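Q: In case you want the letters, here they are:
There are 2 protein chains.
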Amino acid sequence: MKIDNSPPRGTRDLLPDTVAARDHILAKITEVYQRYGYQRIETPCLEDINRLNGGQGGENQKLIFQVLRRGVPNQVETGTSLSDLVDLGLRFDLTVPLTRFYGGNQATLALPFRSFQFGPVWRAERPQKGRYRQFYQCDIDLIGEQSVLAEVELIEATTEALATVGLSGTTVRLSDRRFLSALAQAAGLPQESWDSFFISLDKLDKIGWEGVRKELIEVRALPAEAVNSALERIEGLRDLDALKLADALPTAVPTLPEQVITDLATTTDCLDQITASRELSWEFDPTLVRGMGYYTGQIFEIGHPAVSSSLAGGGRYDRLIGRSLGKDVPACGFSIGFERIVDLLGDTVRRDTVAVLYETEVPLTEVLAVARDLRARGRTVSVIGRSGKLGAQLARLASWGVTSFMHLRPGSKANTRLEERTLGQQPFLMTERE
Amino acid sequence: MKIDNSPPRGTRDLLPDTVAARDHILAKITEVYQRYGYQRIETPCLEDINRLNGGQGGENQKLIFQVLRRGVPNQVETGTSLSDLVDLGLRFDLTVPLTRFYGGNQATLALPFRSFQFGPVWRAERPQKGRYRQFYQCDIDLIGEQSVLAEVELIEATTEALATVGLSGTTVRLSDRRFLSALAQAAGLPQESWDSFFISLDKLDKIGWEGVRKELIEVRALPAEAVNSALERIEGLRDLDALKLADALPTAVPTLPEQVITDLATTTDCLDQITASRELSWEFDPTLVRGMGYYTGQIFEIGHPAVSSSLAGGGRYDRLIGRSLGKDVPACGFSIGFERIVDLLGDTVRRDTVAVLYETEVPLTEVLAVARDLRARGRTVSVIGRSGKLGAQLARLASWGVTSFMHLRPGSKANTRLEERTLGQQPFLMTERE
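Chains as they are written, first to last, in our numbering: chain A, 1 to 434; chain G, 1 to 434.
Source of the hints: derived by calculation from the structure; they are not laboratory data. Some hints here could point you the wrong way.
Since the list gives no way to pick out one identical chain from another, each pair is judged satisfied if it fits inside one copy or across any two copies.
What the hints assert, rightly or not - Using 27 Å as the maximum straight-line C-alpha spacing, the simulated DSSO-like pairs for lysine-lysine come out as follows:
#	residue 1	residue 2
1	K129	K2
2	K327	K2
3	K389	K327
Remember, predicted model here, so these are calculated numbers, not experimental data.
The task is simple: from the sequences and hints, build the whole structure.
A: Right, dumping it as C-alpha cells:
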C-alpha cells in the first residue's frame with residue numbers, strides 16, 4: 001500500500017537546505033530593520049472571523065481558511081448556515097492583525113511605533129507554480145508619523161535590506177494616491193468612479209493603454225472625454241526626473257495640493273542621496289496604483305530586472321488604524337515579498353560540518369568525548385556510525401552537506417592522532433587513504 | 001463606542017520586549033542544536049484532518065481547531081455532519097507532521113537524520129494562566145539511529161541548550177518503557193492492563209502512592225497482589241546511583257533484557273561525563289512514564305528547581321515512523337517546553353538604541369544623513385520628531401528602551417558638533433543641559 005505523505009494541497013514541506021537559506025535571508029533583513037529601530041512583534045495566526053471579513057482585505061476575504069467553533073455537536077441542525085458554525089479564521093495578511101494589535105496595545109508602545117512582522121499567512125488560492133496556500137510575509141510599518149519621514153525611511157530601510165541580501169540594481173517606483181485622485185478630478189471623472197478608474201489603471205501592464213481605455217469607456221461606461229483626458233495626463237508624466245517632475249505635476253494637475261508636490265520632492269531628494277551607494281534607480285510612475293483600497297498618500301514598489309512582479313510594495317494608510325483605535329493615527333507600511341526573494345536567491349547557504357564516523361567497537365563515551373571536544377571549539381559535528389564501504393558512505397555524507405570527517409576505529413583514540421579530512425568536491429572520486 | 005481589540009480567546013499578542021527575549025532564547029538554543037548537526041525543517045501549520053485524528057495525538061486529538069472545506073455552500077444541507085464539512089486542522093504538535101515529513105522526504109534526507117523544529121501549535125484547551133491556545137514547540141529528533149547514541153546525544157544537546165540560555169542546576173530523570181513493561185510482567189499484571197497501569201502510575205505526583213494503588217485495584221480492578229508487587233519493585237528502585245542501579249535492576253525485574261541494562265548504563269555513563277560542566281544532576285526514576293503511548297525505549301525529562309513541571313521531555317519511539325513510511329525506522333526525540341522557559345527567564349534583552357531627535361525646521365535630508373551615518377557604524381537608530389517638553393520626551397524615550405539621543409536643531413549640523421548623550425537610569429531626573 002502506498003502511503004500518502006504529501007502535505008495539504010497547495011502547501012509544502014521545507015527541507016533543511018531551503019530553511020537554512022530562508023533563515024539566512026531573514027536574519028540579514030532583520031538585522032537591517034533593527035538598525036532602523038524596528039521591533040518585531042507577533043500576533044496569533046487566528047483572528048476573529050468578523051474582523052477578517054471587516055472589509056480591509058479586499059479580494060483576500062474570499063480566500064479565508066475558516067475555523068469551526070469548538071463544542072458544536074457533530075450532527076448539524078437543519079437550517080444551520082456555515083457562518084453559524086465558524087468563529088475564527090487564519091489571517092490572510094499581517095496588516096489586519098497589526099491594526100488590531102496597535103488598537104489594543106497602543107498605550108504601551110513607543111510613538112511613533114516601528115513595527116517589524118514576519119510570519120505565515122494563509123490564502124485558499126488555486127494552487128499554481130510558485131504560489132502557496134501558506135506563505136510568509138515580511139512587513140515593516142511606521143505608525144504615528146505624519147511627515148514624509150515615514151515614506152522615506154521605509155524606502156531607505158527596505159532598499160538597504162534588499163541590497164544586503166544581494167539584490168542590487170533595484171528600481172523604486174513612486175506615486176501618490178492624492179495625486180491620482182486630483183488627476184481623476186481634474187480630468188472630469190465623477191468622484192464615485194475614481195475607485196473603478198484606479199482598478200482599471202492597475203491592469204495597465206496586463207491589458208495595455210487601449211485595454212484600459214476600452215474597459216473604462218465601454219465596460220464601466222465612463223465619459224470618454226474625461227477618460228481620455230485622464231490617460232493623456234498620466235502618459236505625459238512618465239519618465240521624468242526630479243527637476244522636471246516638480247514642474248510637470250502642477251501643469252498636468254492644477255488642483256494638486258502643494259503638500260503632495262513637496263512631499264514627493266522630499267522623497268525623491270532622499271532617493272537621490274542613496275541611489276549611488278545602493279546601485280538603485282527610481283522613477284515617478286503615474287500608472288502605479290497598488291491594489292488595496294486603504295492607501296491615502298504616497299505608494300511605492302521596488303522592482304528588480306530579474307522578475308516582472310515587484311519585490312516589495314507599500315504606502316501610506318492614514319485612515320486604517322482609526323477603525324481599531326477609534327481615532328485616526330497616520331501610518332505607512334512596506335511589505336517585502338519574502339517568498340519571491342527566496343525564489344530569486346536560491347538555496348546557497350553552506351555550513352561546515354564534521355562527521356565523526358565511528359566503528360561499533362568504539363565505546364560511545366569515547367565517541368561522544370571526541371565530538372564534544374570539537375563542538376567546544378565551535379565546530380558543527382554529526383556523529384554517525386560506520387556502515388557499508390567507507391568510500392560509498394563518504395560520498396553519501398558529502399551529498400548531505402558534510403564537509404569533513406574523522407574516522408574512529410577501535411583503539412584509535414589511544415594509539416593514533418585523530419586526523420580530520422576534508423571531503424572533496426567530487427565525492428565519488430574519494431578514496432580511503434588510511 | 002469601545003472597540004474590542006483583543007486577540008481570539010486563549011491567544012495573545014507578543015509585544016516587542018517579549019519577542020526580543022524569545023528571539024534571543026531561540027537563537028541560543030538554535031546555535032547549540034546546529035553544532036550537534038541538527039537541521040531546521042518546516043512543515044505547514046495545517047494538516048489533513050484524518051492524519052491529525054490518526055491516533056498518535058492521544059488526548060490532544062480532542063483539542064483540534066478544525067478547518068472548513070473551501071467552496072461549501074453557506075446553507076448546510078439537512079443530514080450533514082460536521083466531519084463532512086471539515087478537511088483540515090491546525091497541528092497540535094510537531095511529531096505528527098515530522099513523521100509525515102520523514103515518510104515523504106526520506107529519500108533526500110541524511111541517514112541518520114537530525115531534525116530541529118520550532119513552530120506554533122494549536123490546542124483548544126480551556127484558557128488558563130500561562131496556557132495558551134497557540135504556543136510554540138521546540139523539538140529535536142534523531143531518526144534512523146538504532147543505538148543509544150540517539151538518547152545520549154539528545155540529552156547532551158538539550159542540557160547544553162538549557163545551560164546556554166542560563167538554566168543550570170537542572171536534573172535529568174531517566175527511565176525506559178521496556179523496563180516498565182518487563183516490571184509489569186514480572187509483577188504478574190496481565191499484558192492488556194499495562195497501558196492502564198502506566199496511566200495510573202503517571203498520576204503519582206498528583207494522587208500519591210496510595211491513590212495510584214487504589215485506582216489500580218478499586219477502579220481498574222487489577223489483581224491486588226500484582227499491583228502491590230509492581231509498586232514495591234518501583235519503590236525499591238528509587239534514588240540509586242549508576243553502580244547500584246546496574247545491580248538492582250535485574251534483581252527487581254529478573255526478566256529485564258540485558259540490552260536495556262547496558263543501554264541505561266551507557267546513558268548514565270555519559271551523563272556522569274557532563275554533570276560537572278553543566279552543573280546538572282541525574283536520577284533513574286522508575287515512576288517516570290510520560291504520557292504518549294508511542295514510546296518504545298528510554299524516556300527522559302529535565303526538571304529545574306524553580307518549576308514543578310518539567311522543562312523538556314522525550315524518548316525513543318521506534319514504531320511511529322513506520323506508520324507513514326511503511327517500514328519501521330528507529331527514532332528518538334526531545335522537546336523543550338519553550339513557553340515555560342521563556343516564562344522562567346523573563347524579558348531581559350536590552351538593545352542600545354540612539355534616538356535622533358529633530359526639530360521640524362531641520363530638513364529631512366539632513367536628519368536622514370545623520371541617522372544613516374550612525375547606522376553605517378552599526379548603531380540602532382530611531383528617528384523621532386521633537387515634540388512637547390524635551391525632558392518629558394526624553395523620559396518617554398527612556399521608558400521605550402532608548403538608551404541615548406542626539407538633538408538636531410536648525411543649523412546644528414553646520415554650526416555645532418553633534419553630541420550623543422546617554423539617557424539616565426532614572427529618566428524622570430534627566431534635565432536638558434543644552
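Q: For which of the previously enumerated hints does the structure constitute a violation, in increasing order of number?
A: none
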